[in-house]
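Participant: Knowing the structure of chain V, use the given hints to seat chains U, H and F on it.
Residue numbers (the numbering used here), protein chains in the order written: chain V, 40 to 343; chain U, 40 to 343; chain H, 40 to 343; chain F, 40 to 343.
Hint data in this document are derived by calculation from the structure and do not stem from the laboratory. These numbers were taken from a predicted model, which means no experiment stands behind them. Treat the hints with caution; some may be incorrect.
Unchecked claim - Label pairs and their computed distance ranges (CB to CB): (1) V:319 - F:74: 56 to 62 Å; (2) H:128 - U:289: 54 to 60 Å; (3) U:337 - H:221: 56 to 62 Å; (4) F:160 - H:102: 55 to 61 Å; (5) V:57 - U:137: 22 to 28 Å; (6) U:189 - V:66: 57 to 63 Å; (7) V:180 - H:221: 30 to 36 Å; (8) F:333 - U:94: 54 to 60 Å; (9) H:40 - U:337: 32 to 38 Å; (10) H:40 - F:95: 30 to 36 Å; (11) V:270 - F:74: 32 to 38 Å; (12) F:270 - H:189: 49 to 55 Å; (13) H:337 - V:319: 26 to 32 Å; (14) F:74 - H:180: 42 to 48 Å.
In this text, a Cβ means the ideal position worked out from N, Cα and C, and glycines have one as well.
There are 4 protein chains.
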Amino acid sequence: MNLDGVFPPVATPFLSGAGPVDLDALRFNARRWMSTGLRGLVVLGSNGEAALLDEDEADAVIGAARECVPADRVLIAGTGRESTRATIAATRRAAALGADLALVRAPGFFKNAMTGEVLRRHFTAVADASPIPILLYNFAAVFGVNLPTETVAQLAAHSNIVGLKESGGDVAQVADQVSATPAGFQVVVGAAPALYASLCVGAAGGVVAVANAAPEACVRLHALARAGRHEEALALQRALTPLARAVTATYGVAGLKAAMAVAGYKGGVPRGPLQPAPPAAVEHLTKLVVALDSFLVERAVPRA
Amino acid sequence: MNLDGVFPPVATPFLSGAGPVDLDALRFNARRWMSTGLRGLVVLGSNGEAALLDEDEADAVIGAARECVPADRVLIAGTGRESTRATIAATRRAAALGADLALVRAPGFFKNAMTGEVLRRHFTAVADASPIPILLYNFAAVFGVNLPTETVAQLAAHSNIVGLKESGGDVAQVADQVSATPAGFQVVVGAAPALYASLCVGAAGGVVAVANAAPEACVRLHALARAGRHEEALALQRALTPLARAVTATYGVAGLKAAMAVAGYKGGVPRGPLQPAPPAAVEHLTKLVVALDSFLVERAVPRA
Amino acid sequence: MNLDGVFPPVATPFLSGAGPVDLDALRFNARRWMSTGLRGLVVLGSNGEAALLDEDEADAVIGAARECVPADRVLIAGTGRESTRATIAATRRAAALGADLALVRAPGFFKNAMTGEVLRRHFTAVADASPIPILLYNFAAVFGVNLPTETVAQLAAHSNIVGLKESGGDVAQVADQVSATPAGFQVVVGAAPALYASLCVGAAGGVVAVANAAPEACVRLHALARAGRHEEALALQRALTPLARAVTATYGVAGLKAAMAVAGYKGGVPRGPLQPAPPAAVEHLTKLVVALDSFLVERAVPRA
Amino acid sequence: MNLDGVFPPVATPFLSGAGPVDLDALRFNARRWMSTGLRGLVVLGSNGEAALLDEDEADAVIGAARECVPADRVLIAGTGRESTRATIAATRRAAALGADLALVRAPGFFKNAMTGEVLRRHFTAVADASPIPILLYNFAAVFGVNLPTETVAQLAAHSNIVGLKESGGDVAQVADQVSATPAGFQVVVGAAPALYASLCVGAAGGVVAVANAAPEACVRLHALARAGRHEEALALQRALTPLARAVTATYGVAGLKAAMAVAGYKGGVPRGPLQPAPPAAVEHLTKLVVALDSFLVERAVPRA
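Just chain V, same shape as in the assembly (with noise of 0.2 Å):
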């Protein structure tokens, strides 16, 4: 289960605010993700608003992914819930969809109680009980609670556990994470600014928001930090930081969805409570992607 590249935590298209999924608008953008050199694809993450899904609108978004990743990529799906006893009922249905590797993230709604001690028995519980192998998710700021390393080197004994997705950006958290891991446990890393200085630290690929839209110049910069080309990749990382802070940190879900409709795919509105993108955010993001365009055509990096 190699996660050495890029994956886009897919955004879930919507026929509007109040409607159910649009599983057509998902396949259009997984066949048009497959055609690039993206490793795979993360459904029903945080920025997929698994949140606001049913759980019968998640098994059939794994099932339209499956339609569209061939069998040489990853297809990676969110399957965390808050008690044991859901997440590994989800996990099973996932893999029961076609899903490669479940990504289950730390509980965090009784954030008090989530001791290393209590977080390892749950993801251990799940590991065991799942057919397909786990990738931990840790994303302290949204899920309230941080998975310590030292819980993670323990995990990482588990046969069924192969990674870490890391979504906090500290790059020195990520270095401890993969100092204090075996050699083959992966640790990819979920913010888009970081993603550089990741690899440098040792961090197999990233999960990042920005390659829903732009999945070229995160495939290229994956691609030069492991040639070693470390001046053109930071360059690269530098043109492509913000963009990739307007569609989390600054413009949320709907910012991504916004820019992912500049760039060609179909990104639709969120779900409410989530609103649409308002007009000059709109603007914003259209001009940072053509601003990153310009820099690859620039740099003649080839696009899909």
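Facilitator: Below, chains U, H and F without anything else, positioned relative to chain V:
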């Protein structure tokens, strides 16, 4: 819909940490609570481990509680979900199952997007669509979002929104919420250590975890405050606070369930990833329950 | 050392944002405050911009205040510094300059090292060395450290520590602090929106910023609560809260000084880097001062 | 003013926890550091316990350090205070005492008032008045205020502001700060676990606590990164990180001083309220120092 009194946010019993909901235990507890002066029950709140329940389990809890709550008491059901769409669906189901009032929490997964205006739209859409009245639910430390008092004031004008459960324990904020809303809008406090002081500043009542294990003490405290017997109320508040802190801040849901067992209720264990209270915690909780009991006996507070 | 009453945490006037302390303005204000029912003055607190004063300026402020505070009122001086050594030195100087009581804040620069035990040692060393009694000062949001109630209880046994100023506004914590300490230990609250509720749960008095601009209202609120006139006290608390919030949470020290000017005190500007309140803030504050004044006139509260 | 290298933020030795500064010990350490490849010294930073020093003690530290730092190295002195006025005064004194550069931290006591614009005015006023160049200092976790990158970019245009010390350890923020400022503006990182990654994204150098105890390792890491020997640099970073975390995050200033003693420097004890490192911490730190040393010997890194 008179909330002037005390409600327990009902703990949900399970047959085991990985097992199903124990509806018989729930009915046992509910009948016993209804033999005290409690104003009603709140099912599917934070302490009810609602975040760990499947949709069909949540529905079953409402149904079982309705069997035990007579028509002159109030059954409140938590129906908040992360999406507006799912919240509306859950609220309609709760109404069909006989809930008198829907407790709707602020969605918090996408914290940064939850402006006052976005929250206002969310709660308005839910209140518009709900067959039963709505009780807003604010608990910033747990949900990650603080419902601004200005937004509460706007929502108080909606004919289907009757009050607010404020669980932060900041009495000055409770006072603000009371001041900023019309006389008929009922603020209930969700933090037992702040119960007496909140009643002083105009709260209608309390939805307090410790009322699962010590309903008589809570009912008595409310009655003393209403009667203007401030010295006695304050003395009782002080006697209640150590147990109240232990069953929430110190030991969490596991501690609440252990204290219920000490007091003769069917507490059982929490659902995984939550773990049962360790022996030292149970010992400490036992002492606190006994100490409160002794205080009540000395003051000749009638027990149920 | 009776603290049963209200104290303003005295704002320090400056000749300009980059200029020296205006001791004449300080004396003018102090004399006028002493014509009201205030219990005394607190100089060199957080709102006194103590963090922006040199040591010799701090000493001069104590001296000037002492000239204006008669012997039957209480002059309290902030003497907390980051090091134990400097705190002891400042406390001794304050005693020599005539302060009745030293207000000693928890040191917070090295937050992570400030365990309960380290804080206990610090305050004990200061209390041992001080010629005058000590008032502990807890304000977690500003100092970055929360003095645990258990540590307060330990320190309350020291013969030279007479009380605690709690500025967090969490009334349940105030209630805990009162419960955990002997009857003679005086807890004063440092957040005006929580003044009435804190008095309900056993606080001795208040050190509240809004008393710089509206001392009569604060004194009246304290008197009503002490007389058991709860309805009137609560009504006055509600009338006071909007101005109280504006001069602290909303507009900060600059706003406090602007409100003082509206009320006829010599407020002036804060010291840089703090900037004066902008015109819109002054306009808003003027309306709030006038509104509170109208409330007091309607209720026939005597003005100084 | 070339900052391309490594600086220790010099720990200040004391004769005892309640006693005066030990200037002889400071000179001893300084001379030994100057025998290594360190680019210079930073005195009166956070780890220098500057917050615990009187003004005359701070001046004496600068004077003693100047005696030991030759003209071809750089002596940087922390001169930030809470008020603009006091910061200017301290900066002028530091210049008179021979400091080459003034490190000016963001004032944080009045956190809520510290907008980007207020900070811009503060730093501009200091830079205008200073006889020596200014190095901005951002450390949000300690000062309570985050200097916005946009404000850094504005300040970088000032002819007397030459760079920024960023101590948060967020490499993506470091990358942003480098990108947003002209080529001559030097960003130095203040978190050793992030040193290598920061150099990858364009930092000029590091001001890292662990360089007090292990200067050679830090100098070597910087040299390897500059030489494009990324594999070796990453390996050394991993070897360095455990000690680096221990002397800051885990054991604080007391731990840093204990590690210095293990490495043959005069560390001594911190000033009260800080307490000396307990025996178990000293034992752990000894192991970490020895482990790093062994790593360096194996790789044949020349020791000073």
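Participant: All the hints need checking, so say for each whether the structure fits it.
Facilitator: Evaluation of the provided hints:
The hint said 56 to 62 Å for the Cβ distance between residue 319 of chain V and residue 74 of chain F, and at roughly 58 Å that hint holds. In this structure, residue 128 of chain H and residue 289 of chain U break the distance hint of 54 to 60 Å, their C-beta atoms being roughly 40 Å apart. For residue 337 of chain U and residue 221 of chain H, the Cβ-Cβ distance of about 21 Å falls outside the hinted range of 56 to 62 Å, so the restraint is violated. Distance hint check: the CB atoms of residue 160 of chain F and residue 102 of chain H are about 32 Å apart, inconsistent with the given range 55 to 61 Å.
A beta carbon spacing of about 26 Å between residue 57 of chain V and residue 137 of chain U agrees with the range 22 to 28 Å that was offered as a hint. For the pair residue 189 of chain U and residue 66 of chain V, the supplied restraint of 57 to 63 Å is violated, since their beta-carbon distance comes to about 43 Å. For residue 180 of chain V and residue 221 of chain H, the Cβ-Cβ distance of about 43 Å falls outside the hinted range of 30 to 36 Å, so the restraint is violated. Distance hint check: the CB atoms of residue 333 of chain F and residue 94 of chain U are about 58 Å apart, consistent with the given range 54 to 60 Å.
Look at residue 40 of chain H against residue 337 of chain U: about 34 Å separates their beta carbons, and that is inside 32 to 38 Å. Here the CB-CB span from residue 40 of chain H to residue 95 of chain F is close to 34 Å, well matched to the stated 30 to 36 Å. In this structure, residue 270 of chain V and residue 74 of chain F meet the distance hint of 32 to 38 Å, their C-beta atoms being roughly 34 Å apart. Distance hint check for residue 270 of chain F and residue 189 of chain H: the Cβ-Cβ separation is about 51 Å, which falls inside the suggested range of 49 to 55 Å.
Look at residue 337 of chain H against residue 319 of chain V: about 47 Å separates their beta carbons, and that is not inside 26 to 32 Å. The beta-carbon spacing between residue 74 of chain F and residue 180 of chain H, approximately 46 Å, falls within the hinted interval of 42 to 48 Å.
In summary, the numbered hints that this structure violates are 2, 3, 4, 6, 7 and 13.
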